[in-house]
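Colleague: The lines below spell out each chain.
Number of protein chains: 2
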Amino acid sequence: MPGTILLNVSASFRLRFPRQARSPLPVKPTLLTIPTPQPHWASLQADIEAYLKQTIPIKDPLEVYEPMHRLVFAAPRTAAPALCLAACELVGGQRCQAMDAAAALLLNLANAHAHEEIGQGEGSNIALLTGDGIVPFGFELLARGAGPGSPERVMRVIIEISRAVGSGGLIDSLHMKKSVDGEVESVKRVVEKGEGGLHACGAACGAVLGGGSEEEIERLRKFGFHVGMMRGMAQRALNNEDVEEHRNLALKELHLFKDTDLGIISTFLNFY
Amino acid sequence: MPGTILLNVSASFRLRFPRQARSPLPVKPTLLTIPTPQPHWASLQADIEAYLKQTIPIKDPLEVYEPMHRLVFAAPRTAAPALCLAACELVGGQRCQAMDAAAALLLNLANAHAHEEIGQGEGSNIALLTGDGIVPFGFELLARGAGPGSPERVMRVIIEISRAVGSGGLIDSLHMKKSVDGEVESVKRVVEKGEGGLHACGAACGAVLGGGSEEEIERLRKFGFHVGMMRGMAQRALNNEDVEEHRNLALKELHLFKDTDLGIISTFLNFY
Numbered sequence: 001m002p003g004t005i006l007l008n009v010s011a012s013f014r015l016r017f018p019r020q021a022r023s024p025l026p027v028k029p030t031l032l033t034i035p036t037p038q039p040h041w042a043s044l045q046a047d048i049e050a051y052l053k054q055t056i057p058i059k060d061p062l063e064v065y066e067p068m069h070r071l072v073f074a075a076p077r078t079a080a081p082a083l084c085l086a087a088c089e090l091v092g093g094q095r096c097q098a099m100d101a102a103a104a105l106l107l108n109l110a111n112a113h114a115h116e117e118i119g120q121g122e123g124s125n126i127a128l129l130t131g132d133g134i135v136p137f138g139f140e141l142l143a144r145g146a147g148p149g150s151p152e153r154v155m156r157v158i159i160e161i162s163r164a165v166g167s168g169g170l171i172d173s174l175h176m177k178k179s180v181d182g183e184v185e186s187v188k189r190v191v192e193k194g195e196g197g198l199h200a201c202g203a204a205c206g207a208v209l210g211g212g213s214e215e216e217i218e219r220l221r222k223f224g225f226h227v228g229m230m231r232g233m234a235q236r237a238l239n240n241e242d243v244e245e246h247r248n249l250a251l252k253e254l255h256l257f258k259d260t261d262l263g264i265i266s267t268f269l270n271f272y
Numbered sequence: 001m002p003g004t005i006l007l008n009v010s011a012s013f014r015l016r017f018p019r020q021a022r023s024p025l026p027v028k029p030t031l032l033t034i035p036t037p038q039p040h041w042a043s044l045q046a047d048i049e050a051y052l053k054q055t056i057p058i059k060d061p062l063e064v065y066e067p068m069h070r071l072v073f074a075a076p077r078t079a080a081p082a083l084c085l086a087a088c089e090l091v092g093g094q095r096c097q098a099m100d101a102a103a104a105l106l107l108n109l110a111n112a113h114a115h116e117e118i119g120q121g122e123g124s125n126i127a128l129l130t131g132d133g134i135v136p137f138g139f140e141l142l143a144r145g146a147g148p149g150s151p152e153r154v155m156r157v158i159i160e161i162s163r164a165v166g167s168g169g170l171i172d173s174l175h176m177k178k179s180v181d182g183e184v185e186s187v188k189r190v191v192e193k194g195e196g197g198l199h200a201c202g203a204a205c206g207a208v209l210g211g212g213s214e215e216e217i218e219r220l221r222k223f224g225f226h227v228g229m230m231r232g233m234a235q236r237a238l239n240n241e242d243v244e245e246h247r248n249l250a251l252k253e254l255h256l257f258k259d260t261d262l263g264i265i266s267t268f269l270n271f272y
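As they're listed, the protein sequences go chains V and L.
Its first residue numbered 1, the first sequence is counted upward by one per residue in full-length UniProt numbering.
Its first residue numbered 1, the second sequence is counted upward by one per residue in full-length UniProt numbering.
Keep in mind that the hints were calculated from the coordinates and are not lab data.
In this text the structure is predicted, and so the values were computed from the model without any measurement.
One or more hints might be untrue.
One copy or any two copies: either way a pair holds, since identical chains are not told apart in the list.
Below, in silico cross-link-like pairs of lysine-lysine (DSSO-like), each with a Cα-Cα straight-line distance of 27 Å or less [said to hold, decoys possible]:
hint, residue 1, residue 2
1, Lys178, Lys59
2, Lys258, Lys188
3, Lys53, Lys258
4, Lys59, Lys252
5, Lys53, Lys222
6, Lys188, Lys252
7, Lys258, Lys222
8, Lys59, Lys222
9, Lys177, Lys222
10, Lys177, Lys258
11, Lys53, Lys188
12, Lys59, Lys177
Isolated chain V (complex conformation):
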């Protein structure tokens, strides 16, 4: 299950996977003959969480910061923030260059989750306020982390994230979810604006921050979109054919990177 196996694999352990142009199924762990941990996207997730643990201060007033920690780490995990790091590395960037963007995405998603629970009568007033606090904090991280020469990239990423999590993106998805009639087509639209858009955003932001070309950015955006669709639809136990179709479409977008190490990025196509 994503989010439960949190391996912290150092870059030196990265394995070179055989290309999987025709088979969308990745090499199974049992085929590996060496006992090193497989570099899985969950290891990127673990990096982001470690960064956030260190970055969100535990200070006075504790009634503000303690729930902030709880809310951030209690939210269900999606692969979108980790995809941001993977895309950055795929275009030749360093993982750390995309860390603030990944953290900002995670914070925005944690807020959306907390507020969704409140909408369902489950959350508390504290969660309401706390959620409100972590969204600007995400943008602050991004702005703070902008090194000399990179503000244009950071600016672009702020716009990307705002659109993906705001109206036109995740907010539309959450609105639609309320009135969804169970029809496959309308569930698809919810997933498109939700998981699809969020993973597309994560991948595109990573590629921007890693210094990718416009073509690389757009390919990775599409890869992310299909990864999000695939994961979102599988989660809702939708038609397995649709899931497979998105997996294949995602794989196609990786063709541009065929001479690069596709180890981690291809694990986004697995459900283990």
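With chain V held as given, fit chain L onto it using these hints.
Modeller: Positioned in the frame of chain V, the structure of chain L alone reads:
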């Protein structure tokens, strides 16, 4: 009442007020012999609202955008966004340079207001989601508006606004408000983190975007803080002496700008 008289005064009408170094009370409108409207900070507020009306799209899905408009324009007005424009002009900038920052501040405050109502059991789920949508939109406006050469200033402003509205700022104030015991000192702390910090932020951001020097930025930040304290305390009908003290402290900070047109900025010290 601030926010009700929305005069749209063009810059050419700006009046040069006699300096009021000793009397904190501004010249009363009755002393004016010409029938031109007094340039009041409410005119800046009107500019920000006109900008937001034009900027927030009315498009599908209407169930997202229509409440967004309603929420933004229904929130009670504070002077902090208008102060952002006034500070920008005071240091020699153009009003338009600070418009996105003023709009972002207003959007953040509208969200806080909507969520406060939800916390009190008055708001709807729609308001919850809508509030969540307008916060990233504010940051998007800021990032989008960063012209060539100005991203560093915009980055700084994003950090300033995030801190003022997030944990450590407004969020702390809203938390404290819940447990306030009616003691003047604890109400003061609520106002410090709330109105004080928000007006300080507005003024500092305006000065940054208008190209002010570090000294000008810090003076205007203090001016803003005292304006916020003064207005926040007056609103809570706190000790009038405290209100007057903050008004005088605010006035002192304007000394640096004594050779500049203090027309509009001095109207923040009035309650009409």
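Colleague: Each hint needs a verdict: does it hold in this structure or not?
Modeller: Results of checking the hints against the structure:
With identical chains, the CA atoms of Lys178 and Lys59 are at most 27 Å apart between copies only, with a shortest distance of 19 Å across copies and 37 Å within one. For the identical chains of this complex, Lys258 and Lys188 are neighbours neither inside a copy (30 Å) nor across copies (62 Å), given an alpha-carbon limit of 27 Å. In this homomeric assembly, Lys53 and Lys258 never come within 27 Å of each other (Cα to Cα): the closest approach is 35 Å inside a single copy and 48 Å across copies. Taking CA atoms no more than 27 Å apart as the test, Lys59 paired with Lys252 passes in neither setting, with 47 Å inside one copy and 34 Å between copies.
For the identical chains of this complex, Lys53 and Lys222 are neighbours neither inside a copy (31 Å) nor across copies (33 Å), given an alpha-carbon limit of 27 Å. With identical chains, the CA atoms of Lys188 and Lys252 are at most 27 Å apart within one copy only, with a shortest distance of 21 Å there and 60 Å across copies. Taking CA atoms no more than 27 Å apart as the test, Lys258 paired with Lys222 passes inside one copy only; the shortest distance there is 16 Å, against 57 Å between copies. Taking the shortest Cα distances, Lys59 and Lys222 sit within 27 Å of each other only across copies (25 Å), while inside one copy they are farther apart (41 Å).
In this assembly of identical chains, Lys177 and Lys222 lie within 27 Å of each other by CA distance solely inside one copy; the values are 23 Å within and 46 Å between copies. In this assembly of identical chains, the alpha carbons of Lys177 and Lys258 never lie at most 27 Å apart, being 37 Å within a copy and 57 Å across copies at closest. Taking identical chains as interchangeable, the C-alpha atoms of Lys53 and Lys188 are never at most 27 Å apart, the minima being 34 Å within one chain and 32 Å between chains. Taking identical chains as interchangeable, the C-alpha atoms of Lys59 and Lys177 lie at most 27 Å apart only when they sit on different chains, with a minimum of 19 Å there against 37 Å within one chain.
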